[in-house]
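First to last, the sequence lines map onto chains L and R. Take 10 as the starting number for the first sequence in this note's numbering and just add one per residue. Take 145 as the starting number for the second sequence in this note's numbering and just add one per residue.
For the record, the hints were derived by calculation from the structure and aren't laboratory data. Ideal Cβ placement from N, Cα and C applies to all residues, glycine included. Hints may contain errors.
Here are the simulated distance ranges between beta carbons [stated by the list, open to error]: (1) R:E773 to L:A276: 34 to 42 angstroms; (2) L:V289 to R:R303: 32 to 40 angstroms; (3) R:V687 to L:A188: 37 to 45 angstroms; (4) L:D69 to R:R305: 43 to 51 angstroms; (5) R:S319 to L:A294: 53 to 61 angstroms; (6) L:F257 to R:G718: 56 to 64 angstroms; (7) R:Y752 to L:A294: 31 to 39 angstroms; (8) L:A276 to R:D413: 57 to 65 angstroms; (9) R:W638 to L:A266: 40 to 48 angstroms; (10) R:D722 to L:A294: 29 to 37 angstroms; (11) R:A355 to L:A188: 42 to 50 angstroms; (12) L:V289 to R:R305: 32 to 40 angstroms.
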Amino acid sequence: MTGALLKVVAQLVLLLMLAPLVSGFIKTLKARLQMRRGPRLLQSYSNIHKLLRKGMVIPDTASWLFSATPYVVFVATLLAGLMAPMVAADTPIGLFGGVLAVVYLLGLGRFFVALAGLDAGSPFGGLGSSREMTVSALAEPTLMLAVFTVAIGAGSTSLAEIARVAINQQWRFLAPSQALAFAALFLVLIAETGRIPVDNPATHLELTMIHEAMILEYSGPYLALIEWAASIKQLVLMTLMINVFWPFGLSATWSPAGVLAAFGWLALKLLLLSCAVVLVETANAKMRLFRVPELMAVAFTLGALALISTFLF
Amino acid sequence: MTVLFTAGLIAYLAGAVAGIAGVRAPRRARIGAFSFALVGALLEIVAAIGALAQGGVTAWTLPSGVPLFSWAIRVNALSACFNLTLGILAAAVSIYSFGYVRAMEGRRNIGVLGCFYNILLLSLTLVFVAGNAFFFLVAWEVMALAAWALVSFEHEKARTRRAGMLFLIMSHAGSGLLLVGFLILARASGSLDFATFHHAASALPAWQQGAVFLLFFLGFGVKAGVVPLHVWLPEAHPVSPSNISALMSGIVIKTGIYGMALVFFDFFDAPPAWAGILVLGAGVLSALLGVLYALMEHDLKRLLAYHSIENIGIILIGFGAAMVFRALGHPAMAGVALIAGLYHTLNHAIFKSLLFLGAGSVHYSTGTRNMEEMGGLIRPMPVTALCFLIGAVAISGLPPLNGFVSEWLTYQALLAGFGSTQTLTRVIFPIAGALLALTAALAAACFVKAFGISFLALPRSENAAQAHEAPLSMRLGMGFLAAGCVALGLGATWFLPVFDPITEQLIGVRASSALTAANGFAISAGAPHAGTVSTVGIAAMLVLLSALPALFWLVWGRAGRRATGPTWDCGLPGLTADNEYTATGFSKPFRMIFSALYRPRREIQAEYEVSPYYPTAIRFESEIEPSFEKRMYDPLRGWLYRMAGRMRSVQAGSIHAYLAYIFVALLALLLFGVRG
Numbered sequence: 010m011t012g013a014l015l016k017v018v019a020q021l022v023l024l025l026m027l028a029p030l031v032s033g034f035i036k037t038l039k040a041r042l043q044m045r046r047g048p049r050l051l052q053s054y055s056n057i058h059k060l061l062r063k064g065m066v067i068p069d070t071a072s073w074l075f076s077a078t079p080y081v082v083f084v085a086t087l088l089a090g091l092m093a094p095m096v097a098a099d100t101p102i103g104l105f106g107g108v109l110a111v112v113y114l115l116g117l118g119r120f121f122v123a124l125a126g127l128d129a130g131s132p133f134g135g136l137g138s139s140r141e142m143t144v145s146a147l148a149e150p151t152l153m154l155a156v157f158t159v160a161i162g163a164g165s166t167s168l169a170e171i172a173r174v175a176i177n178q179q180w181r182f183l184a185p186s187q188a189l190a191f192a193a194l195f196l197v198l199i200a201e202t203g204r205i206p207v208d209n210p211a212t213h214l215e216l217t218m219i220h221e222a223m224i225l226e227y228s229g230p231y232l233a234l235i236e237w238a239a240s241i242k243q244l245v246l247m248t249l250m251i252n253v254f255w256p257f258g259l260s261a262t263w264s265p266a267g268v269l270a271a272f273g274w275l276a277l278k279l280l281l282l283s284c285a286v287v288l289v290e291t292a293n294a295k296m297r298l299f300r301v302p303e304l305m306a307v308a309f310t311l312g313a314l315a316l317i318s319t320f321l322f
Numbered sequence: 145m146t147v148l149f150t151a152g153l154i155a156y157l158a159g160a161v162a163g164i165a166g167v168r169a170p171r172r173a174r175i176g177a178f179s180f181a182l183v184g185a186l187l188e189i190v191a192a193i194g195a196l197a198q199g200g201v202t203a204w205t206l207p208s209g210v211p212l213f214s215w216a217i218r219v220n221a222l223s224a225c226f227n228l229t230l231g232i233l234a235a236a237v238s239i240y241s242f243g244y245v246r247a248m249e250g251r252r253n254i255g256v257l258g259c260f261y262n263i264l265l266l267s268l269t270l271v272f273v274a275g276n277a278f279f280f281l282v283a284w285e286v287m288a289l290a291a292w293a294l295v296s297f298e299h300e301k302a303r304t305r306r307a308g309m310l311f312l313i314m315s316h317a318g319s320g321l322l323l324v325g326f327l328i329l330a331r332a333s334g335s336l337d338f339a340t341f342h343h344a345a346s347a348l349p350a351w352q353q354g355a356v357f358l359l360f361f362l363g364f365g366v367k368a369g370v371v372p373l374h375v376w377l378p379e380a381h382p383v384s385p386s387n388i389s390a391l392m393s394g395i396v397i398k399t400g401i402y403g404m405a406l407v408f409f410d411f412f413d414a415p416p417a418w419a420g421i422l423v424l425g426a427g428v429l430s431a432l433l434g435v436l437y438a439l440m441e442h443d444l445k446r447l448l449a450y451h452s453i454e455n456i457g458i459i460l461i462g463f464g465a466a467m468v469f470r471a472l473g474h475p476a477m478a479g480v481a482l483i484a485g486l487y488h489t490l491n492h493a494i495f496k497s498l499l500f501l502g503a504g505s506v507h508y509s510t511g512t513r514n515m516e517e518m519g520g521l522i523r524p525m526p527v528t529a530l531c532f533l534i535g536a537v538a539i540s541g542l543p544p545l546n547g548f549v550s551e552w553l554t555y556q557a558l559l560a561g562f563g564s565t566q567t568l569t570r571v572i573f574p575i576a577g578a579l580l581a582l583t584a585a586l587a588a589a590c591f592v593k594a595f596g597i598s599f600l601a602l603p604r605s606e607n608a609a610q611a612h613e614a615p616l617s618m619r620l621g622m623g624f625l626a627a628g629c630v631a632l633g634l635g636a637t638w639f640l641p642v643f644d645p646i647t648e649q650l651i652g653v654r655a656s657s658a659l660t661a662a663n664g665f666a667i668s669a670g671a672p673h674a675g676t677v678s679t680v681g682i683a684a685m686l687v688l689l690s691a692l693p694a695l696f697w698l699v700w701g702r703a704g705r706r707a708t709g710p711t712w713d714c715g716l717p718g719l720t721a722d723n724e725y726t727a728t729g730f731s732k733p734f735r736m737i738f739s740a741l742y743r744p745r746r747e748i749q750a751e752y753e754v755s756p757y758y759p760t761a762i763r764f765e766s767e768i769e770p771s772f773e774k775r776m777y778d779p780l781r782g783w784l785y786r787m788a789g790r791m792r793s794v795q796a797g798s799i800h801a802y803l804a805y806i807f808v809a810l811l812a813l814l815l816f817g818v819r820g
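Chain L on its own, in the form it takes in the complex:
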């Protein structure tokens, strides 16, 4: 019991502390690649700290849902994070849900943020909600195909089981099915975390924005919770990808030495994946919203090919 509690606390701390760092790293690296100085690496922490201490303005047209949403999305995202293997294959609360629960908990958060976008009554909020739900609906089948591909490989939807199987087959990521599923999932990651070319996380008050438009009316601690949740979601999706497809260094159990080594590996792999995200963001321009379905169709095709190749190869 204490052991389980310790695991939960350890992973919670890891999620809460690592997520802003990854977001900050992506921001800084992107700025450097664009020949800008950009914010310092730890700026994300300062931002959250600043927002948490600030006052906030609630729109006078908003209902209780507006105030409840930051809590729901923050808690649901954290819970999804607790179900994912980060440093040990043995997830802290694996019994509570596997990969399907992770997907649907992230969906729960999105559902409430989209509702909050409509709650304030501003046209921007509705625009953001509408687009967010569209993009996520298009990304969902691909996500599920990729999930199915790995779940079928492991014979389970439990993430602990999937990670354990992955550890035993270190080089499996070279198999066509896994490579294709990884590529499909990478496109989903870009769409779900609101990255260029689907959404631009750096814009405010532009007609092209999606996620930022939904949360336009949030300020102070609520905004801090929502932004923190967004970075945790990004971390969870990235961790899932790297630990399921490149399980190097992932510890099978929570032994202190194994966990420490695994943390080092996790940091390294997150670094690599973040670099890939930054490269994509820098090398592409934002797409028109109605070109996104084409990108998602590519992703779906990759996912379907991944699935079919699981029993061809």
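Knowing the structure of chain L, use the given hints to seat chain R on it.
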């Protein structure tokens, strides 16, 4: 148990009499009819629970004095489960109706409504327990007629009458197919008793098996609203009073599902694999098209009606998977898939009725079903809004409510398909799973729209601004069902054993013990290590983890001031409801992305005086093409009319010609009889 069951039927009958007796005294009719209905529903709930606990089959027959016809009642686990669902819905809807129908006093004939309401409940109960094909068809017809009467209740509107007629015609076309199916089975088994139909269909030659399967699938599919037989559903469900819509979407369409469960798993030993694939395919198609059409609706009740088609699709995905597994000889997997389908049947009944009752409350207090005229209802109607939100979360399949549990089980059933040996199954099942994910995501988008546009932000019309909360009885009815959504979600592991006697009866396995893990704390995917989920655990963690943001607030946030201010209005003078995003606007991206399906048409007319850039008035019209009506039913109707025109020459109006026809027909029958 039999006493309670019969007492429930008598209560319904008494309700019908009380209704018709009170045609001139609306208050007495209302209280009498719905009180008796409530008593009947509660008795049926107790009887159904008793039957499930007792297990086995209880059958009794009352002779009717008419040849071939007897009141053969057969209560088994399957019928008890559907009767339980019916009882729960009937109780909630009856409570709701006390308040809802009150507003009709003096304007409408409440006595007739109460009478047919009770007859509908009575016939539904009998449909689920009929133990003989003849009796089943009689109950089925009474149900269809009662439902038709209730759908056409607001008959002064032409649209309502047309919807009722469409329902009646399609319903009868379906009954015709069922009749033929039953006759084929009866010829093989030599009796009309359902008991003799057990596995009888599988003894038939292959082509007859196919024919029986198709007849029943199409016949029950009409009632269930399977695409492309769904066209009556979005017409008939919205036009009826909302308490009736709740019953229609909650349980009347489930009679089709009951029939399919009976035929595919009881009458057939193992239907051919292609039949399973067909059901699965029809399920995926219904789910996807149902939700896509729902996205385009602004009429709250039509939107919900299309979602019924979607959910019937999800149920059929479970059924289809179970049939394929049975055909391939994997009974344990078939058990999981069947439970997924049945659990979704129960869940959909609860949350869809809840949503229809919510839509009814909104209509009650704003007088409109058009979402573009609602908005901001969460403030005047907090309880209705909360109940509708619970229903919306549940139908979107989000944890920890009941929709999530049954969709999770459906995914697991589809994933298990990979364990099968057939390549086709191994490809089709995961693709079906991906399309189910698309359906679920689109449903979430649709309910963000439905709840967000109707209940949030500023009121979009005078009526919405003056809305008031629904009366206590209506809130109670909704609250009861909302509690059901939470209970069926969190307590899933306690409810799963309810399906054990059903799976045992239909496919001979008890699956619930394999489906629960960790002493009933979590649901498992049917095999060790195949994956678990715990809705109780998720709910508990969601509550526990909210301590964290509260802690942040204590440490850092207390100093911060909390003010209210106007929403940013893009620099325009003041935000009005005209600035808000509309339902049409919300679904615009979907309309463009899926334009190949919708074939949208829009017309914009701007009036201006000086320059087209400064219009004085704009008229916008947008519609999507009803593809099935236009491409399938219109040609069919045209063909029917042409055929009828040709038949007219036979109908010469001469008595001699008719006598000749009778003679020829008699001769032909005699020859047929002599030869046979």
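The hints, checked one at a time:
1. Checked against the hint of 34 to 42 angstroms, the C-beta distance between E773 of chain R and A276 of chain L comes to roughly 59 angstroms, which is inconsistent with it.
2. Here the CB-CB span from V289 of chain L to R303 of chain R is close to 52 angstroms, at odds with the stated 32 to 40 angstroms.
3. In this structure the hint that V687 of chain R and A188 of chain L lie 37 to 45 angstroms apart at CB holds, the actual value being about 41 angstroms.
4. Evaluation of the 43 to 51 angstroms hint for D69 of chain L and R305 of chain R yields a pass: the beta carbon distance comes to about 46 angstroms.
5. Between S319 of chain R and A294 of chain L the beta carbons are some 60 angstroms apart, a value that agrees with the proposed interval 53 to 61 angstroms.
6. Remark: the range hint 56 to 64 angstroms for F257 of chain L to G718 of chain R is upheld by a beta-carbon distance near 59 angstroms.
7. Hint check: Y752 of chain R to A294 of chain L, Cβ distance near 36 angstroms, so the stated range 31 to 39 angstroms holds.
8. Judged by the Cβ atoms, the range 57 to 65 angstroms given for A276 of chain L and D413 of chain R holds: they are separated by roughly 58 angstroms.
9. As the Cβ distance of W638 of chain R to A266 of chain L is approximately 42 angstroms, the hint placing it in 40 to 48 angstroms holds.
10. At about 34 angstroms, the CB distance of D722 of chain R to A294 of chain L agrees with the hint of 29 to 37 angstroms.
11. Evaluation of the 42 to 50 angstroms hint for A355 of chain R and A188 of chain L yields a pass: the beta carbon distance comes to about 47 angstroms.
12. At about 58 angstroms, the beta-carbon gap between V289 of chain L and R305 of chain R misses the expected band of 32 to 40 angstroms.
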